[in-house]
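Whole structure, please, built from the sequences with the hints as guidance.
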Amino acid sequence: MSFTIKTQVFEGPLDLLLSLVEKRKLFINDIALSKVADDYVEHVKQLGHFPIEDSANFILIASTLLLIKSKSLLPALTLTEDEQQGIQDLETRLKIYQRMKDMSVHVKRMYGESVIYTPTQARPATVVFSPHPSMTSASLLHAIRDIIRNLPKKEVIPKAVIRKVLNLEEVIVSLTERVTAGLRMSFREFTKAHKEEKVNVIVSFLAMLELVKQGVIQVNQEGSFGDIHMETGEVGVPRYT
Amino acid sequence: MNPITASTSVQATLSAQIEAILFWKAEPISIKKLASLCATSEEKIREAIAELKASLITNNRGITVIEANDEVTLGTATALSGLIEQLTKDELMRDLGKAGLETLSIIIYQGPITRAEVDYIRGVNSQFIIRNLLVRGLIERRENPKDQRSFLYAPTLELIAHLGITKVDEMPEYTTVRNEITNFKTATQDETGAIDKSNEAQNN
Amino acid sequence: MNPITASTSVQATLSAQIEAILFWKAEPISIKKLASLCATSEEKIREAIAELKASLITNNRGITVIEANDEVTLGTATALSGLIEQLTKDELMRDLGKAGLETLSIIIYQGPITRAEVDYIRGVNSQFIIRNLLVRGLIERRENPKDQRSFLYAPTLELIAHLGITKVDEMPEYTTVRNEITNFKTATQDETGAIDKSNEAQNN
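For the protein sequence lines, the chains are A, B and C, in the order given.
Take the first sequence: its position 168, counted from the start at 1, is 232 in the working numbering, and no numbers get skipped.
Take the second sequence: its position 42, counted from the start at 1, is 690 in the working numbering, and no numbers get skipped.
Take the third sequence: its position 133, counted from the start at 1, is 781 in the working numbering, and no numbers get skipped.
These are computed hints drawn from the structure, not numbers from a lab.
Check the hints yourself; a few may be wrong.
[Unchecked claim] What follows is a list of derived Cβ distance ranges for each label pair:
hint, chain 1, residue 1, chain 2, residue 2, range
1, C, Lys815, A, Ile212, 37 to 47 Å
2, A, Pro195, B, Asn792, 21 to 31 Å
3, C, Arg826, B, Thr814, 49 to 59 Å
Think of the CB as a built atom: it goes at the ideal place given N, C-alpha and C, for glycine as much as any other residue.
Following this line, the structure appears as structure tokens:
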């Protein structure tokens, strides 16, 4: 686990992801992404307080990464077309982002280095009072009203909703409770309660993987289209592999 | 400034240096001032000006050097004066459109106001629109008592009279509008300091 | 094809006309507007601009033509930027900030581009940084011919001038990078679906 990266400020989830990939000197592909999935989740946990709408972006990418990782761990896992697309998209975005990051070095170096200056003022011309017929009190009021209407407002996403959908910890807690109580249940059953959004499925999945990682539960899948069954392992005695 | 740029700028001919300065300043400059800006003698400046003048004529360029009373400036070539005169007329008649009305309304309702603030309220850069409004005598610019490097813009008396009022506060909904914009400015300024950031290249 | 001598002599006058107009206007002017002012075709204007540009370079002149988004303006030659920099009182804010640099690079290398696409590449909401760049006059927004509800963002002449280039394709690796990105995108089937998803909350 790296602690050097922790102090860095990331512009967004792709910035973080790219720095993790580059740190390991990997090319952008699914293997690289599965390798950095754990690092990414770890960093997202440490980043802590970012604006709620950004955290949604971070967590969505975390879920895609864990999907990639779980596919590499459980090759039998079948991905839906959407999920497959999501993985490909992430790769593409990251590749584009990487090229843009490279190019930003040029922009930074060149910006302000040898400026082409444009004239500081208009060529001297005699000022002739020349209002345009469109300039009336009424049209000016209309114009300023338009401006006021278009003043930027924060794009507010209701905090309560996002919290409910994307709070990892809550999903983990709920999953842990149900697993310890019921000992054996299917992943599909668990996600039934949250099926409104694909995000929920992914987050549940992510939470499950988190539990797997912590050794709280074990996963087995019967056949490639079968349900994933979870059962308690040695609860309270984490195993690290 | 890196050494490469510095050395190339030394290599640029004196007449190119003079041309760039005159072009950029857009107003008459004395020979003496040019000599000091280019760190050379007035004699050399005169030679370089003659050179520039000749080169502009030989190459049939659209601009020319105008000299009077030991001052020089650039102007458009006399052969093109008809075109430019037409352009000037068209320019004054042209409808400045939505951008013009917007900018003018901000200066009327919020003036005296800096260009940075106009930019910030509009969400786009207003440099050229403001120049246009100045040339048309619709707005005027004054010193900013709070900041020597920037100017304040306000409607001209002619504009106020043209709008059929005697003072800006007779504009419809003047107080309401002013308050609404002030609220926006104070709310966002605290949060982001965005006005400061937009201050660069403020030279108008 | 007309006799070569005849056509070059017509173009020489045209490039002088353009130079005079650009000089006098001292602000960005569209190719279309130039064509109407000079009563000729946009095609001929483009040729004449190329000629003017070449002639300014060949004759080591102090000024240059910069182009972006079908607009042109005159500026001081890059070789003289050090000299003018010493004369200007305005402190250029060179630091764009990390988000600004990132967003600007995307708009330079991939523009004209929608905000949804910028968001998609950056993985975060770019509303405020885009507004900030608009206010600073570094990018401009225009109608999106493909979608009336969204806008396209592109570098301004001001940005091109700040980078010390005369056209956006003078940026290092410009064509290579643009092609590469097109290839990345076509490699991913149906990636538009993904862009649509990030389209929500697009109101800037």
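Unmet hints by their number, sorted upward, for this structure: none
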